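Colleague: Below are the chains, spelled out letter by letter.
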Amino acid sequence: MTGTEQPPTTRNGYAWPQEGISRIPYWVYTDPGVYELEQKRIFQGPTWNYVGLEVEIPQPGDFKCTFVGEFPVVVTRSKDGSLSAFVNKCAHRGATVCRTRYGNATDFQCIYHQWRYDLAGKLLTVPFRRGVVDNGQRVGGMPDDFQTAEHNLQSLKVEAVNGAIFASFDPAMPPVREYLGELMTHYFERVFDGRPLRLLGRVSQKIAGNWKLMVENIKDPYHASLLHVFLVSFGLFRADQKSKVEMDETGRHAVLVSRKGEQKQSEATKDMANFKADYKLYDPSLLAGRKEFKDDNTVVMQTIFPGLIVQQQTNTLAMRQILPKGPDAFDLIWDFFGYADDDEALAEMRLKQANLMGPSGLVSVDDTEVLELCQKGFRECPDQSAVVELGGRDFHNENHMVTETAIRGMYNFYREIMQF
Amino acid sequence: MEAAAVKDLAAVRQEAQELLDAYVECLDDDRVEEWPDFFNDNATYKVIARENVERNLPIATMSCTSRGMIQDRAVAIRKASVFSPRYLRHIVSSVRIVGEENGAFLLHANFAVFQTMQDEDTKVFMVGKYRARMVLTAGGPKFQELLAIYDSSQIPGLLAIPI
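In order, the protein sequences belong to chains V and B.
Under the numbering used here, the first sequence is numbered contiguously, ending at residue 427.
Under the numbering used here, the second sequence is numbered contiguously, ending at residue 763.
Extracted from the complex, chain B is given alone in its bound form (with noise of 0.2 Å):
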C-alpha cells in the first residue's frame, strides 16, 4: 500500500474513533437530544439481536429508517417513555476502517454497555458489535447508517435509551 494511502487510512481511522467517541460520551452523559446530531439526514439507525441478523430475519429491537424516526426517538425518551433512571456507560474497543463504498466508509467495533441501577450493582447490560457507515461531511464525520448488533439473549429489562 502506498504510504500516502496508509496515512489516510489511519486519518479516516482516527476520524471514527473521535465520531464513536463523542456518540458514546453523549449517550453517557445523557444529552440524548443531540444524539440525532451524529447523524446524517436519511440516516439509518438500528439496534439488531445478531440471532437475527445471522438468520437473516429483518425485525430490529429498535429500528428508525429517516432522520425524523431517530428524532422521535430522542424525543420519546424524555417525553413519552416511562422508565427509571439509570446511568449508561459504553466502552468502544477495536475500532476498524473495513471498506469505503459509495463515498461512504465501512466501520467496525465491538462495545460494551454497563447499566447502573440506583440501589444496585453495576450490571453488563449489553456487549455486541456496530457496524456503521461514515460519510465525511462540511460538518464534520456522521453517521449514514449505524447498526448495533448485541449478542445478548435477552435484553435485561427495556431498552429506551440507544446503544
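Isolated chain V, as found in the complex (with noise of 0.2 Å):
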C-alpha cells in the first residue's frame, strides 16, 4: 500500500492525487492489492467482458475456452443454439474441467471423479452417489440429501451482440447494448451490424505490463501521431487529420474515429520528429484499403470496458482481448475476422493489413515496447504519478485528437468502480 505525499481524499486506504482524473498514479499499477480488487470490483463485479465471436463455436456442442478477468471460463452452444459460459473448475475439488482451447462435447467430464456437466455447466451425475452393495449392504456414496443441482459449474450471464459474445458475474448486468449507451451502441454496430462473420484466426501475445495499459493506449491519440513512423510517414493516423474522440457518459467506454489522409509535409509534422517524406514501400498494395463502411472513417478504435478492444484499421478487423495476468503482466489475445460475404480481394486485403497489427504489427511492435518500458518505470516508484493533461483535466468529447480526455473518462469511472 502506498500514498502520495499530500493526500487529499483517501479512500479504501488508497489515496489519489489531490489534481483527480489528470494524474494516474502509478501504484494502481503495480500494487498487488489494487490488482486484487480490480478482480473482484471489475472483472467479477458489474462489467461485460468480451469472450469470442459467435463464428468460433457455430456449432451445437462448440465450446471455447478463455478467461474473464482470470477466471478461466468455458462459452458453449448448447443444442438450442443458446450460449452459455461457466467457470472451468469442478464443482467437487476445484480441478480445471475442459481442457482444450476449442472443440466439440456433447458433455463435459471431470476426469479426476468423473463428475459430469451438461454444456451449460449444469451437474447431471456423480460416480457412485449411491454408494457400493458390499455384501446386501448399500454402503458409501453422497449423503441422503445431496443435491446435484446445488453444484453445478458457476455460470455467468452471457449475451451475444450480433455476433460478439460478452460474459459477466453479475447476474444483474443490465443488456450489453445499455452497458455501452447510444453512442458507443452505435460505433460497436458500425462494425457489427449482423452480418454474419468469418473466422481469420487467433494470435496471442504476453505483454509485461499492467492491462490498463493496453486499454490506455487505445484511448491515446496523442502517441500515435509521434511514436509510430509506419502511421505517421503514410498518413495513416495523424494529429493533422479529421478526427475525433468520443466516449459514453461514464467515460469508461471511447473510440478513436480519423481518417486517412496523404504522405505529405504540413505544419504539424514538424512536431513529428517519426514523419519521413522519403519512406517508401516496395509493395505498397499493403496500404491500399477499400471504403467497406458507410462513413469515411479508415480508423476506428474502440475500447470497451474493461478490456476489449474492436479495432478497425483500414480493412484489419479485430477484437483485441485484454487478459490481466497479475499486476505487471497481461496477455493480448487478437481475433482477427471478416464477414462471410468477404469477395476474394477483400479477404486478401484483410490478411495482408494484418501485418500492420498484432505482435508484429509494423504499427502496434510499438506500442508493446512503451508498455513494457511504462511498467519498468513504474516499478520503483509506485508513489508518482503520470501528468494526463493534453486537451484539459476534465474528459469530454472532442473533434481532434491532440489529447488525453479518454484516458481521464476512463479513470473517472474506474475511482467511482474502485472506489479510490
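For the record, the hints were derived by calculation from the structure and aren't laboratory data.
Fair warning: there could be bad hints in the mix.
As the list claims (entries may be wrong) - Below, a list of computed lysine to any residue pairs in the SDA-like style, where the Cα atoms sit at most 20 Å apart: (1) V/Lys213 with B/Glu720; (2) V/Lys332 with B/Ser753; (3) V/Lys287 with B/Gln715; (4) B/Lys679 with V/Asp290; (5) V/Lys213 with V/Leu380; (6) V/Lys213 with B/Gln715; (7) V/Lys96 with V/Lys164; (8) V/Lys383 with B/Val735; (9) V/Lys213 with B/Gln671; (10) V/Lys383 with B/Met726; (11) V/Lys287 with V/Gly242; (12) V/Lys96 with V/Gly76; (13) V/Lys96 with V/Asn159; (14) B/Lys679 with V/Val377; (15) B/Lys723 with V/Ala215.
Keep in mind the model is a prediction, meaning the values are calculated, not measured.
With the hints as a guide, bring both chains together as one complex.
Modeller: Listed below in C-alpha cells is the structure:
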C-alpha cells in the first residue's frame, strides 16, 4: 500500500493525487492489493467482458476456453443453439474440467472423479452417488440429501451482440447495449452490423505491463502521431487529420476515429520527428485499402471497459481481448475476422493489412515496446504519478486527437468502481 | 532406391542444411538487410501459430506474400519499428527433404529461438517447425516459400525480427 505526500482523499486506504483524473498514480499499475480489488470490483463485478465471437463456436456442442479477468471460463453452444459460459473448475475439487481451447462436446466430464456436466455447466451425474453394494448392504456414497442441482459449475450471464459474445459474473447486468450506451452502441454496430462473420484466426502475445496500459494506449491518440513511423509517414493516423475522440457518459468506453490522409508535410509534421517523407514501400499494396463502411473513417478504435478493443484499421478488423495476468503482465489476444460475404480480394486485403497489427504489427510492435517501458518505469516509484493533461483536466468529447481526454474519462469511472 | 538417387537426395539435403544455416546466421548476426536475399522472386514468408494451421485458419502473425513485402519487413526493422535491442539465437535441427513438387524441394526442420535482452537472463522465445519450398537457382538455393510455424501459445512481448 502506498500514498502520495499530499493525500487529499484517501479512500479504502488508497490516496489518489490531489489533481484528480489528470494524474494517474503508478500504484494502480503495480500494487498487488489494487490488482486483487480490480478482479473483484471490475472483472467479477458489474461489467460485460468479451469472451469470443459466435463464429468461433457455430455448431451445437462447440466450446471455447477463455478467461474473464483471471477466471478460466468455458463458452459453449447448447443443442438449442443458446450460449452459456461457466467457470472451468469442477464443483467437486476445483480441477480444470475442460482442457482444450476449442472443440465440440456432448457434455463435460472432470477426469478426476468423473463428475459430468451438460453443455450449460449443469451437474448431471456423480459416480458412486449411492455408494456400492457390499454383502447386500449399500455402503458409502453421497449423503441422502446431496442435490446435484446445488453443484453446477458456476455460471456467468451471457449475451451475444451481432456475433460478439460477452459474459458477466453479475447476474443483474443490464443488456450489453445499455452498458455501452447509445453512442458506443452505434460505433459497435458499425462493425458488428449483424452480417455473419468469417473467422480469420487468433494470435496471442504476453506483454510485461499492467492491463490498463493497453486500454489507455488505445484511448491515447497523442502517441499515435509521434511514436508510430508507419502511421505518421504514410498518413494512416495523424494529428492533422480529420478525427475525433468520443466516450459514453461514464467515460469508461471510448472511440478514436480518424481518416486516412496523404504522405505529405504540414505545419503539424514539424512536431513529428518520426515523419519520414522519403519512406517508400517496395510493395505499397499493403496500404491499399477499400472503403467498406458507410462513413469515410479509416481508423475506428473502440475501447469497451474493461478489457476489449474493437479494431478497424482500414480493412483489418479484430477484437483485442486483454486478459490480466498479475499486476505487471497481461495476455493480448487478437481475434481477426472478416465477413462471410467478403470477396476474395477483400479477404486477401484483410490478411495483408493484418501485418500492421498483432505481435509483429508494423504499427503495434511499437506499442508493446512502450507499454513494457512504462511498466519498468513504475517499478521503483509507485507513489509518483503520470501526467495526463493534454486537452485539459476534465473529460469530454473532442473533434481532434491532440488530447488525453479518454484516458481521464476511464479513470473517472475507474475511481468510482474501485472506490478510490 | 537407386544409389545415384540416394546420393542426389543427400546432396539436396546438404544444400538445404547450408541454406538454413546461412539463413539463421544472417538473422542472429543482425544482418537483416541481407535477409531478403534468401528468397526467390515472388516468394512467400510467413510466421504462423500452429493452432491456426491446425484449425485451418489463414491469419499469420507475420505475412509477406511478395518479395517486396519481404524487403519492406527488412526495411521496417531499421526504419519504422521501435523495440529494445536484443540478441536472438536460432537452433535448427531435424532438417529433412520430404518431397519434390514443381521443381521445388519440400523441406522440414525444427527451430528453437532464444532471446537475450539486456540485463536479463536468456529465455526461450519461440519453438516450432519450418516448412519450406526450396529451389535451386543459378544464385544458389533459395526459399520459394518459408513458413515458420510456432508451437508457443503466446509470443513473449513482440516479434519484430523474422524467424
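Colleague: The structure should be examined with respect to each hint, and the outcome stated for every one.
Modeller: Cross-check of the supplied hints:
As the CA atoms of V/Lys213 and B/Glu720 are separated by approximately 17 Å, the hinted pair is consistent with the 20 Å bound. Simply put, V/Lys332 and B/Ser753 have alpha-carbon atoms about 15 Å apart, close enough for the 20 Å limit, and the pair holds. Proposed proximity of V/Lys287 and B/Gln715 is contradicted: the alpha carbons are some 30 Å apart, above 20 Å. Annotation: proposed proximity of B/Lys679 to V/Asp290 holds, straight-line Cα distance about 16 Å (limit 20 Å).
Among the hinted pairs, V/Lys213 with V/Leu380 is consistent with the structure: their alpha-carbon atoms are about 14 Å apart, no more than 20 Å. This hinted pair checks out: V/Lys213 and B/Gln715 have alpha carbons roughly 15 Å apart, not beyond 20 Å. Our distance criterion of 20 Å between C-alpha atoms is met by V/Lys96 and V/Lys164, whose separation comes to about 17 Å. Between V/Lys383 and B/Val735 the CA atoms are separated by roughly 46 Å; this puts the pair beyond 20 Å, and the hint is violated.
A C-alpha spacing of about 27 Å is found between V/Lys213 and B/Gln671, which places the hinted pair above 20 Å, so the restraint is violated. As the CA atoms of V/Lys383 and B/Met726 are separated by approximately 23 Å, the hinted pair breaks the 20 Å bound. Pair hint V/Lys287 plus V/Gly242 holds up; C-alpha atoms about 12 Å apart against a cutoff of 20 Å. For the proposed pair V/Lys96 and V/Gly76, the alpha carbon gap of about 15 Å is at most 20 Å, so the pair holds.
Straight-line distance between C-alpha atoms of V/Lys96 and V/Asn159 comes to about 10 Å, which keeps the hinted pair within the 20 Å bound. Between the alpha carbons of B/Lys679 and V/Val377 the distance comes to roughly 17 Å, so the proposed pair stays at or under 20 Å and holds. Proximity of B/Lys723 to V/Ala215 is assessed by CA-CA distance (about 14 Å); at most 20 Å being required, the pair is judged to hold.
Going through the hint list in order, the structure does not satisfy hints 3, 8, 9, 10.
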